[in-house]
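Here's the letter readout for the chains.
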Amino acid sequence: MSAADERLWRLGRALADAQDASAAIGSEERRARMRQRFLAEAPRIGGRSGSPRLHLRYSIAGMVVLAAAALVLFVLLPREVPLTYAVGEEQIAGLVETTIRAPQSEPLDLQFSDGSTIELAAQSEVRISALHERGCALELASGRIFADVVHRPHNDWAVRAGPYRVDVIGTAFWIDWDQAADTFEVGLVRGEVRVTGPGIDEARTVRVGETLRFGSGFAPRPSAGATEASKAEVADVEAPEDTVAEPPRAAEWASRPFGAGEASRGGVVGPGRSAKLEPDWMALAQDGEFTAAMDRAEAQGFATLCDRLDAKALLKLADVARYAGQSDRAAEALLALRRRFPGGDSAANAAFDLARLAGKDCEAASPWLDRYLQERPTGTMADEARSRVAECTHRTRSHD
Amino acid sequence: MLRSLRLSSSTVSDPTETSSATERLLEALRRGDPGAQARFFDAYVGIVERVLLRVFGPDSELEDLVQESFLQALTSLHRFRGDASNLTAWVRAVAVRTAQKRIRGRQVRRRTGLQSPEQFWDLPSAIDPATQAALASAQRIIAAMPLEHRMVFSLRFVEGLELREIAECVGLSLATVKRRLQSAREIFESEADMDALLHGWLQEGHDERRG
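Read top to bottom, the protein sequences are chains W and Z. Here the first sequence is numbered in the numbering used here, starting from 1 and rising by one per residue. Here the second sequence is numbered in the numbering used here, starting from 1 and rising by one per residue.
The set of hints was computed from the structure by calculation and includes no laboratory data. Possibly wrong hints are sitting among the right ones.
[Said to hold, decoys possible] Restricting the straight-line Cα-Cα distance to at most 30 Å, the calculated cross-link-like pairs of lysine-lysine (DSBU-like) are:
| # | chain 1 | residue 1 | chain 2 | residue 2 |
| --- | --- | --- | --- | --- |
| 1 | Z | K101 | Z | K178 |
| 2 | W | K316 | Z | K101 |
| 3 | W | K316 | Z | K178 |
| 4 | Z | K101 | W | K312 |
| 5 | W | K360 | W | K312 |
| 6 | Z | K178 | W | K312 |
| 7 | W | K360 | W | K316 |
[Stated by the list, open to error] According to the in silico footprint, chain Z covers these stretches of chain W (three or more CB under 8 Å from chain Z):
| # | stretch |
| --- | --- |
| 8 | 11-21 |
| 9 | 35-42 |
| 10 | 283-291 |
| 11 | 318-331 |
| 12 | 347-361 |
All values derive from a computational prediction rather than experimental measurement. Yeah, the Cβ is synthetic: ideal placement off N, Cα and C, and Gly gets one too.
Throw the hints in and build the complete structure from the sequences for me.
Written out as structure tokens, the structure is:
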């Protein structure tokens, strides 16, 4: 056993002893109390573990109950009910024929009862025209949406954006519609959709990895071979992939106010590339393979991940970097989170994590602790932040 | 006072397992004999209480978990297919699963803002303040680990179980337990490194530091 192992064992032993003392393990009084409580309750279930006869009775009773429940469900439940949806984190019940607009600087989620979700980018506006058993009809008035529609047989989801219509069965895709600029863009992350509209002779099927652009607002690109701006243009066509790569939220574009990011037009389309971002760094992290996860994240482009991931995934990425012993990368992810998602809980937590990264370096840690306390004075880590600030103050005074 | 020797459960002498008493106890429980449940409780309460304390921490819900673990064991005893010598491992696994379930429930409630972070009882005041603070930090770090890492780390380094015993407890292969334990250790050391007291403890060793 190495010296490091031995030290860890010693710490564990000391902790076990302290826990035993703290919890009064082995206390007769405590055991008597627990024993009494157990014996009061146990006889009620004791028979289940023993007698085969009782087993049979329970089994028969169980079957009767199940049969009755099945009958009730069969008789009472309608075969199909129209979908419902909830808006935002507050889960406000959504209505049909309602217009919903995302806030100025934050995306907004619509969660449907079949598990499908639609995320509106900041400042985007949709109208829910109809909800039925097999789907939903909605109109994208302006902005971007990212939809993740759960695949079910005979699904009937449709999105209208101006003169364009996108029919969906089960898929993840985004649509960007700007009526003023006359630009319509649809891209696939999973599955396929069919698009109809001006400039499209027949319904055009869009597959994974493809980004389709229509409308006069797009400048023709010589490489695409389009001769007229109004013609449909297939941009960034990539080899179709069978699997979803990016987690089904393209938070980078969703958090960007609609109209703010002109860079996506006429050039390489941000979300279109999301299909290349395989999430396996996260899968590796979930398996505890932090170093391998970081290697994969580096291979995918750490800076790109910092620019693309949503706040939750960025916190995770920072944790993974920290666990892999790469503090600089952890700081990079946390700073990206604060830059891209200012003002939220995640940003405050990132400030606290940045203080933790600074460790014993009070000069580096203090500003982040102060920042956390300013942003979340009653947050879950506020006590610990205050205690660290006090510790730093004490140290500074000691040095003086 | 610190224990001078860690006893792995494989070295704990369990009279019920060294004789046919366990077989008789199992039979009695299955028949529903009066007194069998009390004997079952008396024989295993120490093991259940200790393993729950390690994986769950010194928490006010500990007694509830002991109760829940025993009731769960009794309810599912008919599914126990091992022989008497495996009963301890099985009971311990039931307790670990019960704790896991409770911790998961807490995590969900915490994410939805319905539960505050885990609050452990204070560690004994007899310990010197620096050690007390270091141990409290260690406990916090363990509690903040991902659940699967928390389990294997606590069972290995705090409870002192053998890897094979941990694999039985958490229902994983030995290789997975080893891998997970290595990750858990990396997490712990990475966090401990940022804590001045724990850092000193792990770098120099408590006794050496004192010396």
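Numbers of unmet hints, in rising order: none
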